[in-house]
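There are 2 protein chains.
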Amino acid sequence: MKKLINTPDLVVPDALRGMATAHPELSVDAEAQIVTRAGGAVPGKVGVVSGGGAGHEPMQVGFVGRGMLDAAVSGPVFTSPVPDRILEATRAGDSGAGVVHIISNYTGDVLNFLMAAEEAEDEGIKSAQVIVADDVAVKADGTNAGRRGTGAVLLVERLAGALAETGASLAEVAALGQRTNDMSRSYGVALTSCTTPAKGTPNFELGANEIELGIGIHGEPGRERRAVTTAREIVEAMVGAILEDLPEAAGAPVIALINGLGGTPLQELYIMHAELESALSPRGITIARSLVGNYISSLDMAGCTITLCRADEQMLALWDSPIHTPALRWAC
Amino acid sequence: MKKLINTPDLVVPDALRGMATAHPELSVDAEAQIVTRAGGAVPGKVGVVSGGGAGHEPMQVGFVGRGMLDAAVSGPVFTSPVPDRILEATRAGDSGAGVVHIISNYTGDVLNFLMAAEEAEDEGIKSAQVIVADDVAVKADGTNAGRRGTGAVLLVERLAGALAETGASLAEVAALGQRTNDMSRSYGVALTSCTTPAKGTPNFELGANEIELGIGIHGEPGRERRAVTTAREIVEAMVGAILEDLPEAAGAPVIALINGLGGTPLQELYIMHAELESALSPRGITIARSLVGNYISSLDMAGCTITLCRADEQMLALWDSPIHTPALRWAC
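These protein sequence lines map, in sequence, to chains A and B. With my numbering applied, the first sequence corresponds to residues 1 to 332, in that order. With my numbering applied, the second sequence corresponds to residues 1 to 332, in that order.
Any given hint could be a false lead.
One copy or two, either will do: identical chains are not told apart, so a pair holds if it fits within one copy or between any two.
[As the list claims (entries may be wrong)] Cut-off 30 Å, straight-line C-alpha distance, at most; resulting in silico cross-link-like pairs (DSS-like, lysine-lysine):
| # | residue 1 | residue 2 |
| --- | --- | --- |
| 1 | K45 | K126 |
| 2 | K45 | K139 |
| 3 | K2 | K199 |
| 4 | K139 | K2 |
| 5 | K199 | K126 |
| 6 | K199 | K45 |
| 7 | K2 | K45 |
For the record, the hints were derived by calculation from the structure and aren't laboratory data.
Throw the hints in and build the complete structure from the sequences for me.
Following this line, the structure appears as structure tokens:
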């Protein structure tokens, strides 16, 4: 294993120290693994709080700031933070108006956030939960944990975070988060495995000319393996899987996210965006807003996810509103 | 070779099509491989124009926009654009106030930009050149082409671009660009080779536990190979090489760039930033501004470069001024 780290057990606190030194506009507790805005909770504003395993940077800690999250808590690599830490982040994000938890749909995350929410309620902190489950590679069939949360986590956090800045209520922010989730679908493709610092070897093996479609962002098995092919054919397969599951997309504007998994250069992500536009245009789907880059990574995995979110006017206006986080910053 | 591409010969135009579809604020000629601001040259403003081989995305095409470049021209992967195309980009960037060319110090780039500048002069377009040469791994000894341009290219383009927005003259913008270059030093480390689309195999081989210090951003050989070690030791070696060459850094604020080479996750880049701060602080050097991410990549190479720029008040104020490009956006 070759990584720019000190020791595997210090990866998360060391990276958080790096965030602290690079971003004075954040308050970073590298030991508790909690990141908040330097100014603390915004009086009167509903707090938007998230968290999850590390290894997906900039998600979640890089999404803290005006127009997105108030607090984020990081677990160890690919492991949910414990309820106590989620509770601590919830307290930090609450100014009295309550907190919306945005949770990626993984068993540990959901369980731990719900436990923290109960404890928060005992302390008088109101909360609402939005569970993000957008990965169409997993069919929710009642026997599994349902769909995984991937790219839509960013969209839900951004739009709910933007609405919270306007002074909207807890119920309104949660409802918009839920609606964003309901309107979003994602699909991933991997060219390589990732290597976790603790294990030191690839999580799974892919042949020298093999790609895996439907991969999860922790390397969960996908739907199928194929011989490597053109970006155009890969996008076509990904878009097909997404649109099969996203009703009434034709004619609607979408927010499109081409998300790199950590080991894929930006050049390739832009090629994927070009092919996405070519695939959507003849289907009458307009890309109204785009985001291309590494936002929800899987350590050093090569590959990407595509997320499409059918967006109405309110969602587009919220998307465009001011945002100032380490990973996303515009229209300040 | 596994890449998200169509065919090796379409990598650059396809990626530019992706930029065109993702960034309506840009005007992209995917065939000529020239990117300009959608509004064209800004009347009365000195144009800032750059270019170079592709494979370093977002550099240079992702740096076009308010507060940075007016136009950028991309060559094929790792290959300089031809003089005709540079001339075309120069014309596009000129509003009558002249153009500052910012050139990475590689033989082909320098030669082609100087030829284009001569032709531009014949057409009545004044220009000045800033040749960026910041990589301390190469000792300029009169027998070689001198130092390579790496991370300082971003800093020079940003600060010269910001000054140009204020209505400064051609000479003033060029002088600030030159001063930024003179105050900047960089050093790179690679954990893996990159693989060019045309060749399809790694440009060089590194052992399973080997890193290369002093690597160039095209995979040019470095100063030494070492067994992989901690981020702390790697940073110490890099900072040592940089400071040996950056006089009077102690006590001065620096702009610090931790730049990923394309295949290294953000988590590791933040760890490098933490260690950079730990290495500089006892030496009396304050990091006044930070940038952490993939800005000057080398396709899918794992590794990073560190750039330090000794910055005065003017440079810090220009750094903070409004910028709106695909890769850098703040304080709008």
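Verification of the supplied hints:
1. Within a single copy, K45 and K126 get their C-alpha atoms as close as 13 Å, which meets the 30 Å cut-off; across copies the closest is 54 Å, which misses it.
2. In this homomeric assembly, K45 and K139 never come within 30 Å of each other (Cα to Cα): the closest approach is 36 Å inside a single copy and 56 Å across copies.
3. Taking identical chains as interchangeable, the C-alpha atoms of K2 and K199 lie at most 30 Å apart whether they share a chain (12 Å) or sit on different chains (24 Å).
4. In this assembly of identical chains, K139 and K2 lie within 30 Å of each other by CA distance solely across copies; the values are 28 Å between and 36 Å within a copy.
5. In the homo-oligomer, the alpha carbons of K199 and K126 never lie at most 30 Å apart, since the shortest distance is 39 Å inside one protomer and 58 Å across protomers.
6. In this assembly of identical chains, K199 and K45 lie within 30 Å of each other by CA distance neither inside one copy nor across copies; the values are 42 Å within and 55 Å between.
7. Taking CA atoms no more than 30 Å apart as the test, K2 paired with K45 passes in neither setting, with 44 Å inside one copy and 47 Å between copies.
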